[in-house]
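Peer 1: Here is what each chain is made of, one letter per residue.
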Amino acid sequence: MWRKFMVFGMVLVFAVSFLLAAPVTIRFWHAMNGPLGKMVQKLVNEFNQTHPNIVVKADYAGSYSETLSKTIAAVKGGNPPDIVQIYDIGTQMMIDSGVIVPIQKFINEDKSFDVNTLIPQVRGYYTVGGKLYSMPFNSSNPVIYYNKTLFKKAGLNPDNPPTTWKQFEEVARKLTVKKNGKTIQYGFTSGLIGWFFEQYMAVQNALMFNNGNGRIKRATKAVFDSPAGLRIFNFWNNMIQEGIMINGGPGWDNANAIFASQKAAMLLDSTSDVGMMLAEAKQGHWELGVMALPHPANVPYGGVIIGGASLWMINTHNTMKEKAAWEFLKWLEQAKQQVQWSEGTGYFPINKNAITKMMYEGFYAKYPQYLTTVFQLLMSKVDYATRGGVTGVFPKIRATIEQALSKVFDHAMTPAQALKWAQDQADQAMAQYNSLYQ
Amino acid sequence: MHPAFTLAHQEVIDLSKKLIPYLLLVPTFLIIGLFIYYPAVMTFQKSFYRVSPFGNRVFFVGLKNFESLFESPSYQQEAFTTLIFVVVSIFVGLVISLLFSLLLNEKVPGIGIFRTIIFSPYAVSPAIAGMLWSFLLNPVVGYVSYAFLRIFGVQTHWLTSYPAALMAIIVATIWQNLGFNIIFFLSGLQGIPESYYEAARIDGAGAVKRFFNITVPLLSPITFYLAIMDVTFTMFSSFGIIDIMTQGGPGNTTTTFIYRLYRDGFIYFNSGMASAESIVLILIMGIVTFIYFKFVQKAVHYR
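Residue numbers (numbering that gives the first Met the number 0), protein chains in the order written: chain G, 0 to 437; chain Z, 0 to 302.
This is chain G alone, in the form it adopts within the complex (with noise of 0.2 Å):
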């Protein structure tokens, strides 16, 4: 009798200790693909290794959208990741989701992680209300590419890239190539993208919201249809019409491709493909410029946005997982992971150690081009104009800006008609949305 019951208790003992050493899995949602994906399962893999206790999966869950709609689902299955990467713009959705443990909580807690090393920029857009709701990772803000070798051609100093918007203009006009009556190179390229129109707004320090761009309190109306919005419509409609900047359509892949072959000089673009343009470059034997995006003259200068997405982290109501999930952000934030994530991406780093790490290891002496990149950010102001806008349905939102410089593009509106118009469908969209949250 003894003896069965101290086989019993042994076995007990040895089961329970076993389940307590098992490691703790976390599933982690990430939206990106290709050379991209690999590296974030770098990365994950070498948490995996240096973490004995903790499982990180990583699952490619499709692009930003489809991430999030995939989140979505899941959680409304019961089944939802531990960690998932959101876009910038899904910010108040997954605030509002109610399923989410803010970051907040765990910076509070853990004296051992120094919230300071995140750059005021970047951490600026992930704080809604004062608390930082998710961990920031992959950022970027938009700059301009440019043809040095183009500029040389057409006789413009390539170490002196236009600042303002009508040297801008004039440098573009000048870069822009006809034979025969027809346009043979243009001097700018973009895809139509209604983060471009975000970022002149931060650029001339213009607010796209009410209530502080929605970070002192929600979002109840849209202002960009202000001096400052019409600004921007206009500067660019004045070049497609005189053929110096031709359209690239929407998404990015077209305008990237006139650029690349060399049939438009200049072009705006993410930071995060500087990767790309570098390679695009080399294999055309052309030289690869980059400056930071020009500023309308007399109107005071703010800065620039990042994108980019963020890490969640979904509340599972388990102590063990949040813990983990936890560690694997705090440490991917760490110097020593942001400069692999920034050099092998194009995205730059979130941690302060980290870009000062890289300027002295002489990264940015050999790719000056990455060094603009950065170097515009941390120019930036940190105020709610450059801290960009909040609101539930900012796909909305930047998809209905995307339509209005088309149709004044194709002279279906006026700039001032269109941004009137965008304006009010915001306005519509803020209303619906935010009457689910009354």
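Hints are not guaranteed to be accurate.
As the list claims (entries may be wrong) - Straight line, CA to CA, 20 Å or less: simulated DMTMM-like cross-link-like pairs of lysine to aspartate or glutamate: (1) K335/G with E45/G; (2) K208/Z with E105/Z; (3) K419/G with D224/G; (4) K63/Z with D426/G; (5) K365/G with D158/G; (6) K69/G with D242/Z.
Said to hold, decoys possible - Label pairs and their in silico Cβ distance ranges: (7) M358/G with I83/Z: 52 to 62 Å; (8) S236/Z with K110/G: 51 to 61 Å; (9) E197/Z with S62/G: 52 to 62 Å; (10) K220/G with I83/Z: 30 to 40 Å; (11) I83/Z with H316/G: 44 to 54 Å; (12) S62/G with Y21/Z: 41 to 51 Å; (13) F4/G with I35/Z: 56 to 66 Å; (14) Q282/G with T27/Z: 49 to 59 Å; (15) S236/Z with K419/G: 35 to 45 Å; (16) S15/Z with N314/G: 51 to 61 Å; (17) K110/G with I35/Z: 52 to 62 Å; (18) D58/G with A7/Z: 55 to 65 Å; (19) P38/Z with N314/G: 24 to 34 Å.
For the record, the hints were derived by calculation from the structure and aren't laboratory data. All C-beta atoms in this analysis are idealised placements derived from N, C-alpha and C, irrespective of residue type, glycine included.
Given the structure of chain G, go ahead and fit chain Z onto it with the hints provided.
Peer 2: Chain Z only, in chain G's frame:
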């Protein structure tokens, strides 16, 4: 053997004979029920609600979703776009496919290779097709734009101006669906006995007369089938092409019903509105199918 026992045995056999078909149908019904009827019922229910993206806020709004849908000027514009898109793609698509099938029905050496080439677009996914076309139509580096510039001397901004963008979408859709139509037309053509044509030839009918009096009527059942399949294809599968090529623009001029639904549901996360839109689509498809079977089927010549 006892007569009563035989009778009971016979009854068991009869019963199982009656039951077995139903049993065999159970898996099918399970799949249809779970993946078609259940979501359809849920969609119907959801169309009366306003729902937050994560579904944590749900408000009953009655017919409000439908009201705001029909009141919206953009939805009226999309209805018009959808109509043009569907009618033109199907009509032009069928005519071109028939012409190609006539050519591919000739007994020429290497015809198998031509058939394979013509059929191959159907094997390409709509997203890839969209990407291909958007590169071909790139205003500066696209081959089609280049050809247009050389031949007609015009620089057309295919994907960023109206109505060029709608035309581009229609062309891409027709191109993608060509193979499917042609395969069916070819099989139909091969089913027409050569003797009909011989008889007509003896009676002195020319090639055009033979085509309209023999080929067209005898192909009508296949044309009828293809038209219905093409309505489904253009109404439902077209959003991949649109999403990649124009994203519904410029303005809102290439947004069809299905693309609007996709955007409202999966980009804007407005599931109440998207549900209302899919109910409208279900009704339209119901009406189209009803009209087709009721009136058009009578005109079709079956052998």
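Peer 1: State the violated hints by number, sorted upward, taking the hints as numbered earlier in the document.
Peer 2: Hint check: nothing fails, all pass.
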